[in-house]
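Visitor: These are the residues of each chain, in order.
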Amino acid sequence: MELFHDPKIDWLGKKWYFLGFSLIFSTAGLLSIFFWHHLPLDVDFRGGTVVRVKFASHPDADRIRSAIDTAGLKDARIQEPYGPAANNEVLITLSLTATSQSAIDQGRAGIVTALSRHYSRQSDQDQNRLDLDNVSGSALAAWLQQNDPEHLGNTADAQTRYQSQADAVLHFRDAEHSGILDSVDSLRGVVDPAVLTALQQNSWLSGFSVRSVEIVGAQVGKVLQHQAELATLYSLAGMLVYLWFRFELIYGVAAVVACFHDTIITVGAFSLSNQEISLTVIAAILTLIGYSMNDTIVVFDRIRENLRLSRREPLADLVNRSINQTLSRTVLTSGLTFLTVLSLFLFGGEVLRGFSFALVVGILIGTYSSIAVAAPMLVAYQDWRARRGKAAALPAAKKARV
Amino acid sequence: MKTNIRTRLLIIIAVLVVFVFGIFRVPHGLSGSALKQAVLQNIHLGLDLKGGMHLILQVKVDEAISAETDTDVASIQSDLQRNGVNGAVVSKPDPSRADFIQVASVPPDHTNDVRSILENTYSSRFDISPGVGNSWTLTMKPTVESEAKQRALDQAIEVIQTRTNTLGVSEPIIEPYQLGSYQILVELPGVDDLGRVKDVIQSTARLEAHEVIGGPYPDQQSALQAAGGSVPPDAELIQSVPGAASEGSATSWYELRKIPVWGGTDIRDAQPGHNPNTGEPEVDFYLTSAAGDKFGAWTGANIGKDMAIVLDNRVQEVAVIKGQIRDQGNISGGGISEQRVKDLSMLLRTGALPASIDFLQETTVGPSLGADSIHQGVVASIVGMVAVWIFMLVYYKGAGVNADLALFLNLVILLGFMGFSGATLTLPGIAGVILTIGMGVDSNVLIFERIREELRAGKSPSAAVDQGFGHAWTTIVDTHVTTIVSAAILFIFGTGPVKGFAVTLTFGLLANLFTAVFVSRVIFDAHLSRKLHGEPISI
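So the sequence lines, in the order shown, correspond to chains A and B.
If you read the first sequence in my numbering, its first letter stands for residue -16, the second for the next number, and so on.
If you read the second sequence in my numbering, its first letter stands for residue 1222, the second for the next number, and so on.
Honestly, the hints are just simulated from the structure, not real lab data.
Treat the numbers as computed from the prediction; the structure is a model and nothing was measured.
Beta carbons: idealized from backbone N, C-alpha and C, even for Gly.
Do not rely on the hints blindly, as some may be mistaken.
[What the hints assert, rightly or not] Beta-carbon label-pair distances, calculated as ranges:
(1) B/Ile1713 to A/Leu22: 19 to 27 Å
(2) A/Ser256 to B/Gly1416: 32 to 40 Å
(3) B/Lys1618 to A/Ser40: 46 to 54 Å
(4) A/Tyr364 to B/Ser1317: 52 to 60 Å
(5) B/Val1541 to A/Asn137: 35 to 43 Å
(6) B/Lys1618 to A/Leu22: 45 to 53 Å
(7) A/Pro64 to B/Pro1453: 55 to 63 Å
(8) A/Ser40 to B/Gln1441: 47 to 55 Å
(9) A/Asp52 to B/Gln1441: 27 to 35 Å
(10) B/Ile1713 to A/Arg291: 35 to 43 Å
(11) B/Gln1441 to A/Asp168: 53 to 61 Å
With these hints in hand, go ahead and build the complete structure from the sequences.
Guide: Here it is as structure tokens:
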């Protein structure tokens, strides 16, 4: 099977379309960064508190908001993450000002109390009973020992027995049911009948569970932001140096410009869609800088090889031919990586959504830019040199290759 | 040629066996659950998959410096008195500068005495210079100061390590956090009683005995008035817990001598106990012998005066000194609970933190989110892998089988490497595995496309294979280097989960150099050696 059989596309003839396309997308991104959504930063960089709560049924954002407001937590933001609606998760975000330096987890504690007060299904009596959706393993074991439903007394045996049953409940809840129990009855078979009876009488299900908490103080956020900026710059510089070393400076410059173009469009896509940039998104962008270089190298390698073979051919034709010769390679390699990244985007879960989104956008743009930005830049550079009356030939290579 | 292929096949099988061993070691059986358990034992999961707590703490090292200079102020005072210099005021005039001591109002006829006393004893640690009026200033030398700060950080790490060990946290990580100054990174996997853990870590557990100058006062305002509007430099106002003075007494304020009689590092042992009279829980503590001697002398000389026991800047207990006390004491009152008594004894035993601690960052991942993440990561990997496998089979037919085998071996080596190296697999790390699948197969595509091109140019299959691998090799190295450079920068700059991503991606791509170039070539050669010369291959 072959996707492209001897293609003869005039890529450079379409360079104005490419330029227009690139300009539209990068300008749209930049406009959004400067004037619209700005750069939506994740709690990693911005600082603040994010609590991820999962509910037993589809959460009602207004109800959550009223619970949080009643607790006096100001400016809380309530987001339902993208993805399958059946997930029933909500992110509750507090700004940095509500995250005080001395009592950093005040906000988290506030959210949890507000929710548990608001979601007690029956009445105040629930306050004193065990909330099986939020109880910790050690607390459950201690509770069982104290109530001793199997009448084992205060022995070491009883301790291990109750501990193992508490562990079983936690495993059932967390590893098999995503942290939320359907009903106390569903524990039948997980624990001994006597324990089940005790739990049926003295526990309840609040119908929500705190899945993760992230609290970042201003200081740490600033340091991380600085680190991320440095890492991105070092990455680009590293690429420039490597391509300079392997090819010629102009190849390196062309490749880095293409990479920079990819980075801007990818970051712009985050701003346009108002998705938050987190540490893992930065990781994805750095990976893209390395990966989108790959296609560019494949094309450049061929240009260099062809330059050595036919020095008479006009550069524009030669670059066209090189792109066409490597087209199936470029499209296949990116396509296959895109396939895996798409699988990550669709099935990899909410936590990695930003990461996989960056890769999905970045791989598409990276492939496009290898053909439409990096290679034409070489031609443009040579035209510019020709106009200035310098030697026309593009340096083929520093050293001969096998 | 044949034997050559056989040797290379043996190498591949050996590598396969070694890395499969790295993944599973010796499992307790071949059932699904036994294998799963074996994998989990060998591959370390990060906090984001296992659940647990990640903290960044700031050690307020200035407090350690301040405590040190407080002692210096006291010893300068006694040195001056011993040498007959009266009237000089030793103080730390600027509350924001812990490293700065001033000796003011030096009597003019003693200027030289003061100078020689200061220079004899303190010049190794302080820069001494004359100040305005008849005064001298001592500024702690920067090297001394940074050493003291580093010592405070090291002590804090050690204390937190001991404390988390007594909590029974398995495999905790407690180390200096390199991105900040005097910060500590704490990772506690599988912790589910967060409130208690944080209390245990954050408690300074600084237990001190102070002389009571005045009190009790009902609030800070009246304490300030009683002290004459401002607190003298050698004293401080401290609040008490309820019940500190006597049974049922309310929260009140005391004016205490600033320099403690003994302090945090003077505790030798502490045990939970019960008050013999009331049966209430209490902490019994014992002083080291040096501190005990000092305390004995001081209590002997101050019979009838009030003494306060202060824990973490709150007065716990105030008592009249009835006789000489040597090395024993207890903390009770304030409705202290059994659990608190247990924790507090442990804290006192493990020693005080040299300075208090702020939480800068806290990330907690519940076990249910971790379990879901693993599940989703595995599903995404399998779907991605199967999609790539099918595509390669359809597109390259026979050679596709070759690529699929190489890809499979690539994954085995990657996971085996994770098992051997003890590197941590995080959620972004799983994403790194998925990306390895996608990027790993790229090398095969580059080689196969080149082989097709050579075949189209009319070369024989074996020559085409030869040329294909030869020409694609440099390109493959180039593409790997760029991605690995990116990953290396991520590894250097990244933290926790992101580091895990950099690790799997780098291992994966390194393994890919072996599988896509060496393994794939052997399979081609083995295949070609069974064909007649010039017979077409399936690609």
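Visitor: Evaluate each hint against the coordinates.
Guide: The hints, checked one at a time:
| no. | hint | in the structure |
| --- | --- | --- |
| 1 | B/Ile1713 to A/Leu22: 19 to 27 Å | holds (24 Å) |
| 2 | A/Ser256 to B/Gly1416: 32 to 40 Å | holds (38 Å) |
| 3 | B/Lys1618 to A/Ser40: 46 to 54 Å | holds (50 Å) |
| 4 | A/Tyr364 to B/Ser1317: 52 to 60 Å | holds (57 Å) |
| 5 | B/Val1541 to A/Asn137: 35 to 43 Å | holds (41 Å) |
| 6 | B/Lys1618 to A/Leu22: 45 to 53 Å | holds (48 Å) |
| 7 | A/Pro64 to B/Pro1453: 55 to 63 Å | holds (58 Å) |
| 8 | A/Ser40 to B/Gln1441: 47 to 55 Å | holds (51 Å) |
| 9 | A/Asp52 to B/Gln1441: 27 to 35 Å | holds (34 Å) |
| 10 | B/Ile1713 to A/Arg291: 35 to 43 Å | holds (37 Å) |
| 11 | B/Gln1441 to A/Asp168: 53 to 61 Å | holds (56 Å) |
Checked against the numbered hints listed earlier, the structure breaks none of them; every hint is satisfied.
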